[in-house]
Amino acid sequence: MALSRASQLFLLVGTLFVCQTISSVAEGPSTYFTSSDRDAAIRNLQSAQKADGSFFGLKNTYYAVSALTTLNAKVPESTKVCDYTKGALKSYDASSVFYHTAILETLGCGKAADDKVKEVIKRALSADNSDDLFYGVSAALLLRKNNHIDLPEREVKTAISKIANLQDEGIFKRSNSDNFVSIFHTGLAFQALGKIASGVSLTNEEKKELKDILGSSQLLSMAEEKNGALVLQDQELRVTPLQVTSSALVGLATLGKALDAKYDDFGETEAVGFAETLLGSKDAASVEDIFYVVEGLNVLANNQYHRPLVVSVDQSSVKGADGVKVRVTDVMGTPQRVKVTATKVTGADNKAIGSKTDLATNPDDSYRLDTLTSKAEPGFYELNLKVSSDDKKYVGIDSVSRKVKVVGNAVVSDIVVSVSQSSDSDDLSVAKKYKVSSFGTKHKDTISVNGKDHLFVDFKIKSNTGANLKVHQTFVILSNAEAGSEIVSVAKFENGAYRAHVTLADLEDDFYGKSGNYELNLVVGDSFVENSANSPLATINLKYDGTRKFSAPISPFRELPEISHVFQEPAARPSAVVSSAFTLAVLAPFGLLLMVLLGMGANINKFPMGVNFINAVGFQATLGAILALFGFYWLRLNMVQTLGYFAFLAIPFLYFSQKTLTALSVKEAQVKRQ
Amino acid sequence: GESSLFHDVRKANPKKKMKWTSISLLVLIVSACINAAVQPGGKRVLAVVNGLDIKSSHSIFFKSLEERGYQVEYRVASEKNIPLRRYGEWQYDQLVIFSSTWSLPTQTVLDFVDEGHNVLIATDSHLNQAIRDIASECSVEFDEKDSYVIDHINFDTSDFDGSHSLVVASNPTVIPGIFEKVTSPILFRGVAQDIEEDSQLLFPLLTASTTSYSHHPHESVDELHVAGKKTVLVSALQARNNARIVFSGSIELFSDKFIRSEVSRHGDSKKVASGNEQFAKQVSQWVFQERGILRARDIKHHRAGETEAPSTYTIKDDLEFNVVIEEWNGKTWAPFTAKDVQLEFTRIDPHVRTRLVPDGKGNFSAKFKVPDVYGVFTFKIDYSRKGYSFLNVVERTPVRPFRHNEYERFIPTAYPYYASAFSMIGGLFIFSFIFLYHQEK
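So the protein lines, in turn, are chains A and B. Here the first sequence stands for residues 36 to 709, where the numbers follow the numbering used here. Here the second sequence stands for residues 4 to 444, where the numbers follow the numbering used here.
In isolation and in its complexed conformation, chain A is listed as follows (with noise of 0.2 Å):
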């Protein structure tokens, strides 16, 4: 979709702001950490706290000790931080015993330093690798401040020389196995050398070597911009740019502070975009961002080179007579003492209002401007600042441009909802009219409309002042809650005045063809308006026709209706009675066999005896078998079976018919002869 000429415009005038802020700073971050980020975060590091009053292993417990230190807080528990972190010192390495240590000359209850760790910082301060160094020079300093080692001056300078060895055009590696160079390292390392430059005694050719590695250092050549934020990286290493950037703060700031130095890398640029980086994370959530965040803004706002000022307009809008009120503070948020004069002040059309004005001093040292006051209309204001001091390193205070947003009550009056069997929007005359007594009330009828009809909404926006106003968000919604639908449509304003016009026909898909009571609502609405309202305006008894027909929608996840299967009913059979008559028929002319057998006195006279007796027994048997197995067949066998006991009985069956038809047959013939 294209966007339209306006907001290509806004897009580049975006753009050229932004390329403005970067060539030039004339213009400080715009926020600062605030007394509500400042209790976030501090909020943040207590809820990391476990019974044992750690903070999840040393290392975090010493970044919480140190962000609340910093953050002028209270360690919650300090005590049992203390017991735990004495016995929390089980691996005698450089780091943990540098955690230990600062942990406990902070919370102040470290005592002289043993063997194990007074051997464990010698080993330190002269090692290889820029992280020993660091923890062996920060453990070694503490300790000797509070008289809890005893540790001879040279025995500390041997790491100036370890850390030198580190360096390539004054940047560090991690360490000489490296073949690559860590802003973060170098950041340790600029820590260290700054904390020995202001621990202990320096020869003036030790102070010269320290200052030409400051001012050989391409460190800040390094910086990536993004957005106006100049961020630093390490590639190699597993450390965020949060942390990169603010151990390489803190690092320069540590370092040009002992040694007084000038270090022209740092400029004013550079003040303010490491300052939008570290501020773009302060609502870090992490014990380890926190102490990130909270160290890095610590040493801008009090870094010898530049310190930016954050000029800003204090959060809730001017509302009416109020004023503006501005801030002038450092990043992390200490007010200054400066003078503000406001150049000009211009509204939404560039019209500037009022003219060039020194602002007041509020008793909370922040500044009013009243130019701003309940004549103002809503809208956006441009401000533009300027803040003058006598001191030399605020930055970002030549020319200051900020919005200030006035918020006014809008006043809805002429509420008038017309009902029209015409679209002709022009023309109403005819169309029956409900005015609505004001905004927030309902009209107390039901307003009957047919599927056919036109709704309009009329209506009329002022300001306080009375002047037309136009707001972003003006909504008339019709909606059946029942059903679920709701439809919107915008009213325009035109000729002064608002009108929605609600084709109700278009709207009978929507609502699937449903007659019934729906609500008539009005919505007024925009970021300058104050008092926003969704207000029902009157309930419409709409009806559709019906012609149409739409079935409501039905849900893809629903329990789908049971299906029993309707088995084939069984043909109707006649009558008992007339089976059994019928059986009887059948069956009567096999008395009739019996009677006429009988009758003409049928015997067996003829049946063989002797050897031929067995031969007709075994013939009638297996006749009779043959016969039974037919019944059989007809029970419970099947072909197959059938067929097999068939076969079975056929070979006696036809031996023993041919032996008694034989037999039979002599004997009648016998019988012939004689």
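Think of the hints as simulated: they come from the structure by calculation, not from any bench. You can trust all of the hints, since none of them are fake.
If we take Cβ atoms under 10 Å as the criterion, some of the chain A residues that face chain B in the derived model are: (1) T312; (2) Y327; (3) I512; (4) G519; (5) P588; (6) P591; (7) P596; (8) I598; (9) H600; (10) V613; (11) T618; (12) P624; (13) F625; (14) F665; (15) R671.
Just a sample of chain A residues kept apart from chain B, beta carbon distances all over 10 Å, derived: (16) P111; (17) G122; (18) D149; (19) K157; (20) G205; (21) V235; (22) D299; (23) R372; (24) T406; (25) S472; (26) A518; (27) Y579.
For clarity, every value in this text was computed on a predicted model and none was experimentally measured. Where is the CB? At the ideal position from N, CA and C, for every residue including glycine.
Got chain A; can you put chain B on it based on the hints?
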């Protein structure tokens, strides 16, 4: 048992090399058995982000993933060679895109999903065409670039200076057991979605309120793309292969800032903790297949009174069907207890559709009479409920008609036929005696 197994292997394979291969093979088999109880989706997550600073700005969300055993790797979206697939093998099980841009081909993501992997996409109002294309492949349409969801009534007061695009949403979709009710309001700032309604695959997880709309904050409103309750903020899609995709129009929804925020809705004097953490966690649990996954096993069917499935059923048999359906609850497979699972017995059309009755221990059973229609029938469970994975069970069995000897044997109506046949047989037998052995006097 394991040590004796190893012992046997050693004895059987005196050569040292062979022994170790076998042992590692055994270890593989043993670990495969243990893995049988692991989560359906995998644990390797690739997070493609706008910038690595998201690791700190969204640390709570990613920490909760890591606490649940995911290994998250981060890549910046602008990188050209994100190694999602290497030599044809997917390197990750889950993909998180927390970015307004995507520089790999759209098809890569679609292939990833087609092969059953899950994707969580959160973007913002500056989304690029590639993200938009991925969404539109899933019937999700993001509103125009630089448009925001705006609500002048339900916005957070911290956005009083802005354009009221920090909206407070309070009606996330509730599906018991999968999406529990989030009582606290949810903060959202980003782009709106318009999704296909009444789809079996796609449903909203979070929608805006009646008074909301989606538009460019600084342009006058002439036409609306989406407005009111139809404005979808977060949507969920479950593909036919049960791969899941969630689209969120806001990356900030998952941020530490929103999670830690106290919501003060304009007009409410009370501040409440935001529900973003709970919502984000539930979304990630669903999309990574920790919730709402169903599986069916031990499908059994037999005639009433028997225990083994016959090779074929006869029409009008009394049939019993049993299946175990389980739900993955994030840790184990637990018995599924829904009462609306249906079984169909289908030949071309379903002839029987009946509820499967659960016993609460995961066993579902149904009893019915086989229809008097013969052919190859299919037992079919096609269970699709919002939020749950699709459960498809298909099992075929033949059904045959009665054999000739299985019909009714003594039909009263047919008695005349029986009588005629048997009287003929009887008559023949008696007549054979008279015919052969009768002697006239």
